[in-house]
Each structure stands twice: as structure tokens, then as C-alpha cells.
Amino acid sequence: MEREEVKSVLESLLFVADGPLTVQRFAEVLEGVDKETIYALLQEMQSELEAPSRGLQLVEVAGGYQLRTAKVNADWVKKFLGGRPARMGRATLETLAIIAYRQPITKAEIESIRGVDVDGVITTLLERNLIRAVARKDVPGRPFLYGTTAEFLQLFNLKDLTELPTLKETDEISLPEISRDVIPLGQPEEIEAL
Amino acid sequence: MSTRVETEIFEGPLDLLLHLIKRNEVSITDIPIATITEQYLATLDLLQSLSLDVAGEFLVMASTLIHIKSRMLLPADDDGGDDEDEGIDPRDELVRRLLEYQRYKEAAQDLDQREVLSRDVFTRSAAPIEEAGPRGFREVSVFELLAALKRIIDRLPKDTFHEVTLEKITVREKMTHLLDVLRNQGSVLFENLFAAASSRMEIIVTFLAMLELVKVRAIRIVQDEMAGPITIEAAAVMDSAGEQAVLEQVEDEPYGA
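Protein sequence lines correspond, in order, to chains A and B.
Using the numbering used here, read the first sequence as starting at 705 and increasing by one per residue.
Using the numbering used here, read the second sequence as starting at 81 and increasing by one per residue.
In case anyone wonders, no lab produced these hints; they're calculated from the structure.
Quantities reported herein were computed from a predicted structural model and do not represent experimental measurements.
Check each hint, because a few of them may be wrong.
[Stated by the list, open to error] Result set (SDA-like, lysine to any residue): computed pairs, CA atoms no more than 25 Å apart in a straight line:
#, chain 1, residue 1, chain 2, residue 2
1, A, LYS782, B, LYS295
2, B, LYS102, A, LYS775
3, A, LYS782, B, ARG263
4, A, LYS783, B, ALA135
5, B, LYS248, B, GLN193
6, A, LYS872, B, ARG194
7, A, LYS872, B, GLN193
8, B, LYS295, B, MET281
9, A, LYS782, B, MET281
10, A, LYS811, B, ASP192
11, B, LYS102, B, PRO155
12, A, LYS872, B, THR109
13, A, LYS863, B, ASP190
14, A, LYS783, B, LEU100
15, B, LYS248, B, SER278
16, A, LYS783, B, SER320
17, B, LYS102, B, ALA135
18, A, LYS811, A, LYS783
19, A, LYS872, B, LEU98
20, A, LYS783, B, LEU262
21, A, LYS783, B, ILE283
22, A, LYS872, B, GLU186
23, A, LYS775, A, GLN761
24, A, LYS872, B, VAL294
25, A, LYS863, A, GLU706
26, A, LYS811, B, GLY322
[Stated by the list, open to error] Computed footprint of chain B on chain A, listed as stretches where at least three residues anywhere in the stretch have a Cβ under 8 Å from a Cβ of chain B:
#, segment
27, 707-713
28, 731-743
29, 775-785
30, 798-804
31, 841-854
Ideal Cβ placement from N, Cα and C applies to all residues, glycine included.
Construct all of the structure, not just a fragment, from the sequences and the given hints.
Structure (C-alpha cells):
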């Protein structure tokens, strides 16, 4: 298969994909094309799309590649889509940040940081698929431990959790270590059945 | 009292404390506990006079503050040496919690500044999840609103105590009025909203009406700079059926009845 041909297929797959596509997934479809070639072609496509005349960008997000609109066009796209605003409030955002940085973490631990009840917020985040229960903590009551999902990475344009900016050291404070005495929960599907 | 505002819009006692610390331009690590406690309690009073559902956490923090304040008043241990608590500032634990909370508050802001999907960037068939305000404007925090409300209440002449006519103003009436104003003018200054109000009761009812409309996202409260004028504007064009639906969520009974 010609290099240009492969590149063209990659673009088509990116267009039809529901979510980010991994290099692995491209390789499965394009049998016989090695991952290095796919990776190199994706890089090429990425820089080509950086031209000011292009309205799409190829981003590396949640472990894969995805076509997204150019940020400068946000207002036009929003005008076109219309739709109802569903803003993420500060309480939701703060809770999500705590979970992202401190995962796996229980509801009680989040509450001790925010100083308020987070029941409603946790429900919202679970419904939006931004967090999931990943395990249960081996303490009385066996509370759920929550962690972020791939949707979380997609929402904030993150390749993976290591891309989260380092927490600012505002002062010489020491965070209490979260103990890792956890019971694995298995797959998310099982959790929903609980 | 049927009008209740979800406490979730108040980000919590730690957030209120950070707000007060910032407003007083003092350091988190050296909080003037008497001043901050006083202002904290004054804010709670204001919330309660609005019959807002002050969450238990706010009250727990109030007692923590009072406790710290009383310990700060104790004379320093002058015979020195054997006291276990020596050298421990009663504020330490609170400072640790405030700093920790602040880190995540900042982390949340950092997240919000990224290219957020369906707000800044879109994939195929995406729907917007966040409606940004007009350029340069930011949404006002509830604490700033409360401070603005307090200024309005304080401006009332002090001799209103002989008010004898029991005014029957309902939150719903005020909501209708505010929507009318916005339909005609597009936006209104926060202060002007209360210009015609003649009593503390009327101010509070007007304020609650405004919060109700924010809650259903019919209006937006914005400010173009810190401590600048606060403006209220229509967030969505609403037809009369939509308006009716919003109004019907609120009981049409005089405040305090």
C-alpha cells in the first residue's frame, strides 16, 4: 500500500470514528502497515492541519487520536449547533479536580477536602461518565473509591493522567497519604449491577 | 418559606473563608482570626435572613472559628517547657485545610482553561455543554452578590421600622417583573433592580426572585471587572410558555407568609 493511500485511509477512519482511535486500532484495520508508519503519518497530518486555513485539528487525547474543530472557530460552531447550555458549575469542577489528582478516592475523603457534602455532585459526574467507581476501600463500610474515565480525558483534552498539570505548591503543606488498602472491583459493568 | 436555593451554589465554608481572606488582603498563613470570624458570622446572618438553607457545614465552621478565636485569646504559656501544645498555633489545622482546598480550586480553574470538548472544540455531532458569557465578562460569585445585596440593604433609611402596611409581594411577581424589564431593556444594573424597593422585605424578595431565575438559567449575572458594576442580563430568549413554566415552579405566596 502506498504511503499516501494509507494516509488517506487514516483520515477516513478518523472522520467516522466515535471516539479517539489508538495506533493499535489503526494497525488492526490496516493489516500489514506497521505502527511506526501509522504514527509518522498521523504526525504529518497533525502538522498539516495546523495551517490557518484548516478548520480541524488532530489531537492526541485519551490514548488515541481524534479530529476536533479548531479552537478559533468555537463561536461559529456554537452558533451553528445552538443547543441548550449545560454548564459545569464550580462545585462539579472542583470535585472533579480532586478526584483526578487524588484517585482512587472515597466520597468522605473528597468531602473532607471540600468541606461540603458532595452526594449530588458525585451522582452528576457518574451520570456524565466522567468518573467511575474503581474499587472499594477496605475500611468499615467498604466505601467506593472513585477514579476518572476516558471521557474525562476527552473532555479536558488530556492524553493521559500524567498530562495533568502539577498541583501548585501554595505553601509548605503536606498532604495526608491516602492509604492504598483497596479491594479491586473488576470491570465497570459489574459495578453498575451493585 | 417555600423559596430555597440549593446550597450547592454556595461552594462551602472553606470557599467563603478564602473569599474573606482575599477580600481583607491578608495571608492564609496568618489569618486575623477575630476579623475573619466576625465577617464569616455576618455572612451567615445574611444568608439566614434570606431564609436560605444554610448547610450544617457552615455552622460547624462557625464553631471551629469561634473555638480557634477563644484559644488565641488564652495567654501564652509563660512558664514554658512542659506544655505539649507549646508552639502549636490554634489556626494550623484550618490553614492546612484552606491551603489544600485552594490547591484543588486552582487545579479546577486550570482544567477549565484547557480546550474543553463541546465548549472550545467539537467533534462530529457534538452539542455545546457550556454557554460562555459575552466576551470579557465573568460570572459573579454568590459572595459578591451577597456583598452587593448587603450594600443595598444598608442603604435603606433606618426609620423603616414603623412600616405598618404588610406588603404582599411574592417571589413570582418579582420574577415576572424582572423578566419584563429584561425583555424591554436586555439588561439591568444590579443596583437599579432595587431602586424602587422601599423595604428590606421587598429587597430580599427581589433578590430571591433573581436567584430563582439564575437557577433555571433564564438570566445571567455578570461583571466585567473585579468589584465593578454587576449586570443582570437575559440568558436565553424565552417564549411565554417557557416563562410560565419557570414561574410555576415557585409558589405564589407572599414572602414570609
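Restraint status (C-alpha distance of LYS863(A) to ASP190(B) at most 25 Å): At roughly 16 Å apart (the allowed maximum being 25 Å), ASP190(B) and LYS863(A) satisfy the hint.
Keeping to a limit of 25 Å between CA atoms, is the pair of LYS811(A) and GLY322(B) held or broken? The hint is violated at about 37 Å.
25 Å limit on alpha-carbon distance, applied to hinted pair LYS783(A) and SER320(B): Answer holds: LYS783(A) to SER320(B) is near 23 Å, not above 25 Å.
Below or equal to 25 Å on CA atoms is what counts here, so check LYS102(B) against LYS775(A). Violated, at roughly 33 Å.
Between LYS872(A) and GLN193(B), is the straight-line Cα distance small enough, at 25 Å or below? With Cα atoms ~15 Å apart, LYS872(A) and GLN193(B) stay inside 25 Å; holds.
For the pair supplied as a hint, LYS775(A) and GLN761(A), confirm whether the alpha-carbon distance does not exceed 25 Å. Holds: LYS775(A) and GLN761(A) sit about 9 Å apart, inside 25 Å.
Does the alpha-carbon distance linking LYS102(B) and ALA135(B) stay inside the 25 Å limit? holds, 23 Å
Are three or more residues of the segment 841-854 of chain A within 8 Å, CB to CB, of chain B? Not satisfied, violated; 0 residues make the cut.
Please work out if LYS783(A) and LEU100(B) have their alpha carbons no farther apart than 25 Å. violated, 39 Å
Would the hint linking LYS783(A) and ILE283(B) be met if the CA-CA limit is 25 Å? Outside the cut-off at roughly 37 Å; violated.
Are at least 3 residues of the segment 775-785 of chain A within less than 8 Å of chain B when you compare beta carbons? Result for this restraint: holds, n = 5.
Do three or more residues from the segment 798-804 of chain A put their C-beta atoms closer than 8 Å to C-beta atoms of chain B? Our answer is that it holds, as 5 residues pass the Cβ test (under 8 Å) against chain B, meeting three.
Taken one by one, the earlier hints fail for this structure at numbers 2, 4, 5, 9, 11, 14, 18, 21, 24, 25, 26, 27, 28 and 31, listed in ascending order.
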